[in-house]
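Given next are the chains, with one letter for each unit.
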Amino acid sequence: MAPDPDAALMLAFQGGDEAAFRALFEKHGRAMMAFCQKFVKEPARAEELAQDIFLKLYRSADRYSASARFTTFLYRIATNHCLNEVRRGEYRLRRDPAPADGDGEPQDLDSLSGPAATPEEEAHGRALERSVRSLLEGLPEKQRAAFVLARFEGMPYEEIAVVLSTTVPSVKSLVHRATVAAAAALAPWTPLRGEEGS
Amino acid sequence: MKHVREDLTALLDGALPASRRAEVEAHLAGCGACRAERERLAAVLSACAALPPGPPPAPGFEQRFYARLAREKGVRPSAWRRLRLSPWRFAVPAAGLGAAAAVAVAVWQARADRLEMAQHLDLLENYVVVASLDSVESAEDVEVVTHLDELRGAKP
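Protein sequence lines correspond, in order, to chains L and A. So for the first sequence, numbering that gives the first Met the number 0 puts the first residue at 0; every next one is plus one. So for the second sequence, numbering that gives the first Met the number 0 puts the first residue at 0; every next one is plus one.
A couple of the hints might just be wrong.
[To be verified] Calculated cross-link-like contacts (lysine to aspartate or glutamate; reagent style EDC-like; alpha-carbon spacing at most 20 Å):
1. Lys72/A - Glu22/A
2. Lys72/A - Asp16/L
3. Lys26/L - Asp3/L
4. Lys40/L - Glu121/L
5. Lys72/A - Asp3/L
6. Lys72/A - Glu121/L
7. Lys72/A - Asp61/L
8. Lys72/A - Glu38/A
9. Lys72/A - Asp51/L
10. Lys141/L - Asp12/A
11. Lys72/A - Glu25/L
12. Lys1/A - Glu61/A
FYI, nobody ran anything at the bench for these hints, they're computed from the structure. No experiment lies behind these values; they were computed from the predicted model shown.
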């Protein structure tokens, strides 16, 4: 296995190197906020959750073992924290049949579709985003977590199994069921290859 | 051959063992329904990959975290470590709380028992008086007996 530079930073932090912890936050903090946004709607709340997760990481550093990938350790903390947040129900994503031209929330349009996006592409991106939110809200929590880790974090099934404390066959089933649900929920945004351009 | 739908997402994710992947691909070559399902699931993967990123953090993201970290470190980190390293610190207060709760429950139960007994004694006293009159024959009569005190209190 290739050496994990993040693991080296974590071990340095265990040894008292605070700069190593800062390096980890600077590398993964924004990605963690993006991950949290799959569980809560408001960006400010997602930032708060990402902060919580890194504070937990700070506190539990001595439980980290170099035998585990750093991201596995981090996402295990993060997934548990986000699912707890969802369970509390305070910040559940709303099923919002918002108008097709937007829902009035502040959005960074450049970040949604890139600087070259046309208005049609921007509208498509927003509508797809809303459909994904609605889909995620409707999934059972383990399916939701497995789907987010596989689809948006690009995590292999073996690593997801460790993060969710389950088996690889279970992850395979969770991801598949969520993807089947997504095929129905996202049908308007997922033209089959044969239909494109028609 | 049995359909292979349950394996299609794993196939698309490159998560099937080589031997199983070969079986699934052989099935797909001859099964239009499973091929259509694979296309449907592949479209989901493409849509998710095309999902625009969420809004970036507001400016000052790192600074806000470091400020919060500094606040939390200033107050709690030594306490976190003490609590984590010394679980026995929980034991004495927990045992004390448990004992206090047990005493409170016992006192409350004893009081409730005395009250119930007192009510029964009152009823028994009245019952003895009324029974001597051969007037208690039904549940309704018992109800009357339980309210004899009120009747007694209503007398001038």
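Any hints from earlier that this structure breaks? Give me their numbers in increasing order, please.
The structure breaks hints 1, 5, 6, 8 and 12; every other hint is satisfied.
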